[in-house]
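Keeping the supplied structure of chain U fixed, place chain H upon it in accordance with the hints.
There are 2 protein chains.
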Amino acid sequence: MAGTETIDVPSLTRLAADALCCAGVSAEDAEISARVLVDAETMGIRTHGVIRIPQYVDRVRRGGVDANAAIRIDRKAPSLAIVDGANGLGTAVGGRALAAALEMAADTGIAWVGCRHSNHCGAMAPYALRACDAGLVLVAGTNASTTMIPWGGSERRMGNNPLCIAAPGGDGAHVILDMAMSVAARGKIRAAQAEGTPIPEGWAVDASGLPTTDPAAALAGSLLAVGGYKGSGLSLAVDMLSGVLTGATFLTDISSWSEAPGAPSGLGHFFLLIDPDRLLGAQAFATAMERFKEIVAGTPRADAGTPVLLPGQREQERRRAALRDGVDVPGDLLAAIRKLASG
Amino acid sequence: MAGTETIDVPSLTRLAADALCCAGVSAEDAEISARVLVDAETMGIRTHGVIRIPQYVDRVRRGGVDANAAIRIDRKAPSLAIVDGANGLGTAVGGRALAAALEMAADTGIAWVGCRHSNHCGAMAPYALRACDAGLVLVAGTNASTTMIPWGGSERRMGNNPLCIAAPGGDGAHVILDMAMSVAARGKIRAAQAEGTPIPEGWAVDASGLPTTDPAAALAGSLLAVGGYKGSGLSLAVDMLSGVLTGATFLTDISSWSEAPGAPSGLGHFFLLIDPDRLLGAQAFATAMERFKEIVAGTPRADAGTPVLLPGQREQERRRAALRDGVDVPGDLLAAIRKLASG
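Protein chains in written order, with this note's numbering: chain U, 11 to 353; chain H, 11 to 353.
Just so you know, the hints here were simulated from the structure itself, not pulled from any lab data.
Computed from a prediction, not measured in an experiment: that's the story for all the values here.
A portion of the hints provided could be inaccurate.
The list treats identical chains as one, so a pair stands whether inside a single copy or across any two.
[As the list claims (entries may be wrong)] The list that follows gives simulated cross-link-like pairs (lysine to aspartate or glutamate, EDC-like), each with its CA atoms no further than 16 Å apart: (1) K86 x E327; (2) K349 x D313; (3) K86 x D287; (4) K86 x E113; (5) K198 x D224; (6) K349 x D335; (7) K86 x E15; (8) K86 x D117; (9) K349 x D68; (10) K349 x D28; (11) K198 x D287; (12) K86 x D143; (13) K198 x D181; (14) K198 x E38; (15) K198 x D143; (16) K198 x E211; (17) K198 x E41; (18) K198 x D94.
With the rest of the complex left out, here is chain U (with noise of 0.2 Å):
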């Protein structure tokens, strides 16, 4: 670690898209998968943020994700279409499907818009933001490779899948709800691996399905999902949306990148946008979610010192501050995207 240097989010986002141009990925792919990083970045969240382009950009060399990839948007209504992603990158294929969305929900009031045959789209949350700056509604998500078991089981059958619903607040107050479905994720239970402490009851359990508070066996175990059955059905509710719905592969079918980082993902992902002023008026909805956040953010505290928070409120306040003053980026992270950069 040579410590962390701040960059301003035009550079980075520069950075980002001429790493993944000298892997061979078109432009117009780059600068749509710089944007869906960065933005990421922008907000904190970090484990999807500019750390993936490494990652990407292995992929792309070893086969694994197509840089020349024939992203196909299929109309099947005016409000219905599937994007296929032809095994490009999966934020390339994210973004074409939302840009496609935006356009149908624009005609329409209204666009579902379902993803197949790509890859690793980066954290929904980025989505969700030029959705919300454009006014509209957004709820999506996407499967992921098994790291999971379903509730009852012992063997991991499906991915930790993220949904995530979003409203319109205004710029940089937008209420952002994007979540996995474990308790904890994979990086606080590599952190207490790191630090040799044990995790908490309930956040994991071993290889054999048993409960855990190892890290190591809950690393080759399985996260739990949240509330028990209720997570785990939701993780393979939003896998019958993502991969089912779409045509794409879904639950063991999906190839894991981290195994086989030279196979195709067959990952699925959905976008559904609704245009809140075709249903009752930009006015009053946006009155109705000032409203909305005033009674969340007022919920008396139960620690004085602990605020209540919207979902994406957090994010956004780190998206303001790193629009205005750059974002802190690990050195050596930022070192290997300039050599990718440099071709």
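Frame of chain U, contents of chain H only:
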């Protein structure tokens, strides 16, 4: 308690509709409502079954629900509608909204219907069942009066708002996830109170927002959401879709039927339908659903005697048995419904 009585489903449906009719509800709305409640009963969702009939009738008699409400469907676009419940029975509002959504989806492949000025609309699973029987994917939700504290707060400001995601899998073999956001239902806490046993940690907090294992303190306090901030965020997100995006009331503006039975609840619901046939062809979707269900059901078991279940599987098994053998209803409840049905 006079034990239970077994009654066949058509007779129970007739009785339920008659009871509502005798309270002044139109024959059509009574039949729509009876279907929602009896479908829940057949699936074993008893808290949202015919036990609600006396409560609904009581609400009508107290003027909290308008038995003669003129429920109005306002089509905003080919795939978008708002249903104004006009303070009618929530089950009639929900049933009419779903019927409108089915019509719209048959035409355009997708429908989003939001409901406002509504009341308790029963469980979501009966609506899902009907959508899936028509071959459609459903996402639906409703808001509810405040029983939960937003994460980090110390005062109830949101409902235990359920989210339902369902996909058709053939007669009686749909996947139907219908979940509220609390770790445990209030019914389980009431049961612990009746038995004089403490509740597990993590189920609830007391009225001041502190963790409690005392059932009475929990009932005076708040249910805890699954996954802490995750379930809390999800409950807020469901209210945003159910309450804000429909023009209904939401959060603390919802009137509690138990505290103010004579006042309109002002609830909101939403129903999204998508036609898989339009997206990828009915046959391709059916094949993928079969594979999806096989992978989940085939998960090796943690406990050899306990199968890994798909969401809604047990409920549909119960329904099959109920349609064949009838349902067991507590004798005193059935007597009460019979009395209401005889005018």
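Right, here's what the structure says about each hint:
| no. | hint | in the structure |
| --- | --- | --- |
| 1 | K86 x E327 | neither (38 Å within a copy, 35 Å between copies) |
| 2 | K349 x D313 | neither (46 Å within a copy, 51 Å between copies) |
| 3 | K86 x D287 | between (24 Å within a copy, 10 Å between copies) |
| 4 | K86 x E113 | within (14 Å within a copy, 18 Å between copies) |
| 5 | K198 x D224 | within (12 Å within a copy, 32 Å between copies) |
| 6 | K349 x D335 | neither (24 Å within a copy, 71 Å between copies) |
| 7 | K86 x E15 | neither (46 Å within a copy, 51 Å between copies) |
| 8 | K86 x D117 | both (15 Å within a copy, 13 Å between copies) |
| 9 | K349 x D68 | within (13 Å within a copy, 73 Å between copies) |
| 10 | K349 x D28 | within (10 Å within a copy, 76 Å between copies) |
| 11 | K198 x D287 | neither (41 Å within a copy, 41 Å between copies) |
| 12 | K86 x D143 | neither (26 Å within a copy, 23 Å between copies) |
| 13 | K198 x D181 | neither (31 Å within a copy, 43 Å between copies) |
| 14 | K198 x E38 | neither (35 Å within a copy, 55 Å between copies) |
| 15 | K198 x D143 | neither (31 Å within a copy, 42 Å between copies) |
| 16 | K198 x E211 | within (13 Å within a copy, 23 Å between copies) |
| 17 | K198 x E41 | neither (31 Å within a copy, 52 Å between copies) |
| 18 | K198 x D94 | neither (34 Å within a copy, 46 Å between copies) |
In summary, the numbered hints that this structure violates are 1, 2, 6, 7, 11, 12, 13, 14, 15, 17, 18.
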